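Participant: So the chains spell out like this:
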Amino acid sequence: MWLWQATVATKALRAGAEGEERSFYAGKLAACRYFFRYELPKIDAAFALVSSLDDVCLSFEPSGF
Amino acid sequence: MSQFVQRRDIDFLLYEVFDLETLLSAPRYRAHDRESISAMLDSAENLARKHFLPIAALLDANEPKFVEGRVEIAAEARDALRAHAEAGFFALGFDEADGGLQAPTVAVLMASGIFTCANLSLANYAFLTVANANMLRAFGTEDQRRRYLPPMLEGRRFGPMCLSEPQAGSSLADIATKAEPLPDGSYRLRGSKMWISGGDHELADNIVHMVLAKIPGGPPGVKGISLFLAPRYRVEADGSLGAWNNIALAGLNHKMGQRGTVNCLLNFSEGGDTIATLIGEPGKGLAYMFHMMNEARLGVGHAAAMCGLGGYLSSLDYARQRLQGRLPNNKDPSSPPVPIIEHADVKRMLLAQKVAVEGAMALTGYCAYLVDLQKIADDDAERERLNLLLGVLTPVAKSWPSEHCLEANKLAIQILGGYGYTRDFPVERFYRDNRLNPIHEGALGIQAIDLLGRKSGSTEAADSTSSARKLQRLSRSGVLSPNWARKARRSGRRSTDYARPPRPFSPATTSLLGLPMQRSISTRSGTR
Numbered sequence: 000m001w002l003w004q005a006t007v008a009t010k011a012l013r014a015g016a017e018g019e020e021r022s023f024y025a026g027k028l029a030a031c032r033y034f035f036r037y038e039l040p041k042i043d044a045a046f047a048l049v050s051s052l053d054d055v056c057l058s059f060e061p062s063g064f
Numbered sequence: 000m001s002q003f004v005q006r007r008d009i010d011f012l013l014y015e016v017f018d019l020e021t022l023l024s025a026p027r028y029r030a031h032d033r034e035s036i037s038a039m040l041d042s043a044e045n046l047a048r049k050h051f052l053p054i055a056a057l058l059d060a061n062e063p064k065f066v067e068g069r070v071e072i073a074a075e076a077r078d079a080l081r082a083h084a085e086a087g088f089f090a091l092g093f094d095e096a097d098g099g100l101q102a103p104t105v106a107v108l109m110a111s112g113i114f115t116c117a118n119l120s121l122a123n124y125a126f127l128t129v130a131n132a133n134m135l136r137a138f139g140t141e142d143q144r145r146r147y148l149p150p151m152l153e154g155r156r157f158g159p160m161c162l163s164e165p166q167a168g169s170s171l172a173d174i175a176t177k178a179e180p181l182p183d184g185s186y187r188l189r190g191s192k193m194w195i196s197g198g199d200h201e202l203a204d205n206i207v208h209m210v211l212a213k214i215p216g217g218p219p220g221v222k223g224i225s226l227f228l229a230p231r232y233r234v235e236a237d238g239s240l241g242a243w244n245n246i247a248l249a250g251l252n253h254k255m256g257q258r259g260t261v262n263c264l265l266n267f268s269e270g271g272d273t274i275a276t277l278i279g280e281p282g283k284g285l286a287y288m289f290h291m292m293n294e295a296r297l298g299v300g301h302a303a304a305m306c307g308l309g310g311y312l313s314s315l316d317y318a319r320q321r322l323q324g325r326l327p328n329n330k331d332p333s334s335p336p337v338p339i340i341e342h343a344d345v346k347r348m349l350l351a352q353k354v355a356v357e358g359a360m361a362l363t364g365y366c367a368y369l370v371d372l373q374k375i376a377d378d379d380a381e382r383e384r385l386n387l388l389l390g391v392l393t394p395v396a397k398s399w400p401s402e403h404c405l406e407a408n409k410l411a412i413q414i415l416g417g418y419g420y421t422r423d424f425p426v427e428r429f430y431r432d433n434r435l436n437p438i439h440e441g442a443l444g445i446q447a448i449d450l451l452g453r454k455s456g457s458t459e460a461a462d463s464t465s466s467a468r469k470l471q472r473l474s475r476s477g478v479l480s481p482n483w484a485r486k487a488r489r490s491g492r493r494s495t496d497y498a499r500p501p502r503p504f505s506p507a508t509t510s511l512l513g514l515p516m517q518r519s520i521s522t523r524s525g526t527r
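So the sequences go chain by chain: A and B. Residue 0 is where the first sequence starts when you use numbering that gives the first Met the number 0, and the numbers rise one by one after that. Residue 0 is where the second sequence starts when you use numbering that gives the first Met the number 0, and the numbers rise one by one after that.
Since the hints were derived computationally from the structure, they do not count as laboratory data. Certain hints may be false.
[Said to hold, decoys possible] List of simulated lysine-lysine pairs, DSBU-like, C-alpha gap at most 30 Å:
{"hint": "1", "chain 1": "B", "residue 1": "Lys346", "chain 2": "A", "residue 2": "Lys10"}
{"hint": "2", "chain 1": "A", "residue 1": "Lys41", "chain 2": "B", "residue 2": "Lys346"}
{"hint": "3", "chain 1": "A", "residue 1": "Lys41", "chain 2": "A", "residue 2": "Lys10"}
{"hint": "4", "chain 1": "B", "residue 1": "Lys409", "chain 2": "B", "residue 2": "Lys254"}
[Claimed, not checked] Label pairs and their computed distance ranges (CB to CB):
{"hint": "5", "chain 1": "A", "residue 1": "Arg21", "chain 2": "B", "residue 2": "Ser169", "range": "41 to 51 Å"}
{"hint": "6", "chain 1": "B", "residue 1": "Thr140", "chain 2": "A", "residue 2": "Gly18", "range": "56 to 66 Å"}
{"hint": "7", "chain 1": "A", "residue 1": "Leu52", "chain 2": "B", "residue 2": "Asp78", "range": "18 to 28 Å"}
{"hint": "8", "chain 1": "A", "residue 1": "Glu20", "chain 2": "B", "residue 2": "Glu381", "range": "28 to 38 Å"}
{"hint": "9", "chain 1": "A", "residue 1": "Glu20", "chain 2": "B", "residue 2": "Ala376", "range": "31 to 41 Å"}
{"hint": "10", "chain 1": "B", "residue 1": "Glu85", "chain 2": "A", "residue 2": "Glu20", "range": "31 to 41 Å"}
{"hint": "11", "chain 1": "B", "residue 1": "Asn386", "chain 2": "A", "residue 2": "Ser62", "range": "37 to 47 Å"}
All values derive from a computational prediction rather than experimental measurement. All C-beta atoms in this analysis are idealised placements derived from N, C-alpha and C, irrespective of residue type, glycine included.
The shape of chain A in the complex, shown without the other chains:
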């Protein structure tokens, strides 16, 4: 979704958006960059865990709490 929004914003900036419009699109691009740097990498850790089929929650005995 952010990549899509950033693509639209890039086109609008290349087409010469000015003033408030320029700030709006630049904000979208920076937000996309934030998403890719700060948020998206978290997926790798979560995904690696899912892929490993770890069973710590599944096999935990309720008496252990």
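Since the structure of chain A is already known, use the hints to place chain B on it.
Facilitator: Relative to chain A, chain B alone:
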């Protein structure tokens, strides 16, 4: 700056990210054009500012009371909903043939979001009624539709959903409410329903309940569940209101947030019979309910985004005005303090909110846009393709906003600091209101089961008929990796690093961009 709507953002999504203009050229939407959609959004903004926003804090502070078997809610709520109904917002998305305005789903979602952001607990009454009426329209008999649909579309009668019971919420197979057949073809309902939002009140002249119940002697589990319509006051053939239908208010739930939305425990057939009529066929109750639930899940995701938006805009406004501290390179203690928006860590917290809220809006908006594309699709294969994509995206569109926009609300409170923790500012209310969204209409774990268990079919990946294989085929054929993603990847490589991660895409990231995410799971499942 408005505290509850970003029109530039809505227009960006509708006309620049999605292609609403082309959609509006379809015969189905010929009554609408960019100008009329814009007027509709203006009207939503004006109404929300005038009637919804001013009483949001009031409804939160004065939750509904249980007085002598009835619900008491601040009188302003009724007037606000009246104004909303008179402007035609209940009927906006319905087909012209049913008395609606046949506006595109994506535009309806954006308009309803304006009300939601201004006052979620009030907007819920309309949202529930629309979802209820949609189910009635799709599965009700001619007689049921004639009696009940028009006043709901006019916003004179409201409609809640009665699914959960005190002992069965997520597990609806275990419901115990009984529907006993009567000689005239109608049914008598017996049992209790819990967590019924809008279950009893005086905000409308009647309440049309949609109730899940079991007909005695039917099969066990979900196959024995049927859907019934039971009004608060019986409705005569000519549409006039009859006697009270013995649906008793047993108590109210006192909630953390969304307090203006009354939440009830109801008892059916108390002191007399609760007469109900069957919707559709026996045993299909849950299937009908899921029809509504898909729409409701999208609505919940969007409501989460709108709670996030409210917190984001409030904290943005505060950060621009609040003067505190100096920049690290300024060592002069006598210099004036700067607005806190100048501090990098405050910008981080605003950016985190922006990506959560605007990302969530794009996701729910995209799903609504897919619903529209499905409505105008001219062949079954295209409709089925869109249906599969919507099936995968719906649990995500419900869950991602509810998780991430709640986190955004946490950051909004953080930006206001101690002030954010007080009831003098709305950010704590947005947090409390939003905390329900990962819970209702299928809790987060239920959405995960839907996505991985039902939609991806990860445990049955070897089965060539499973949805997992269908998904893989689709993603290879490019449906899950539509043109924009391919274009974005190409332009991302060409241009500066705006849209590109600092290193090559990781396997997980690539999966999110539309490559078969199933592959890594299914190849490893054999090692278990």
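Participant: Mind checking the hinted window 41 to 51 Å against the Cβ distance between Arg21/A and Ser169/B?
Facilitator: With Cβ atoms ~48 Å apart, the hint holds.
Participant: CB of Thr140/B to CB of Gly18/A, is that within 56 to 66 Å?
Facilitator: holds (58 Å)
Participant: Mind checking the alpha carbons of Lys41/A and Lys346/B for me, to see if they're no more than 30 Å apart?
Facilitator: Given pair Lys41/A, Lys346/B holds - Cα atoms ~20 Å apart, limit 30 Å.
Participant: Okay, Glu20/A versus Ala376/B on CB: inside 31 to 41 Å?
Facilitator: holds (34 Å)
Participant: Given the hint of 28 to 38 Å, is the C-beta distance from Glu20/A to Glu381/B inside that range or not?
Facilitator: At 35 Å between Cβs, range holds.
Participant: Given the hint of 18 to 28 Å, check if Leu52/A and Asp78/B actually sit that far apart at their C-beta atoms.
Facilitator: Cβ of Leu52/A to Cβ of Asp78/B: about 56 Å, so the range 18 to 28 Å is violated.
Participant: Given the hint that Lys346/B pairs with Lys10/A, test it: the Cα-Cα distance must not exceed 30 Å.
Facilitator: Between Lys346/B and Lys10/A the Cα gap is close to 25 Å, so the pair holds against 30 Å.
Participant: Between the alpha carbons of Lys409/B and Lys254/B, is the straight-line distance 30 Å or under?
Facilitator: holds (19 Å)
Participant: Does the alpha-carbon distance linking Lys41/A and Lys10/A stay inside the 30 Å limit?
Facilitator: With a Cα-Cα distance of about 29 Å, the restraint between Lys41/A and Lys10/A holds, given a limit of 30 Å.
Participant: For the range 31 to 41 Å, tell me whether the beta carbons of Glu85/B and Glu20/A fit it or not.
Facilitator: For Glu85/B and Glu20/A the Cβ distance comes to about 36 Å; the hint holds.
Participant: Would you say the C-beta atoms of Asn386/B and Ser62/A sit inside 37 to 47 Å of each other?
Facilitator: 45 Å Cβ-Cβ, so the 37 to 47 Å window holds.
Of the hints listed earlier, the one the structure fails to meet is number 7.
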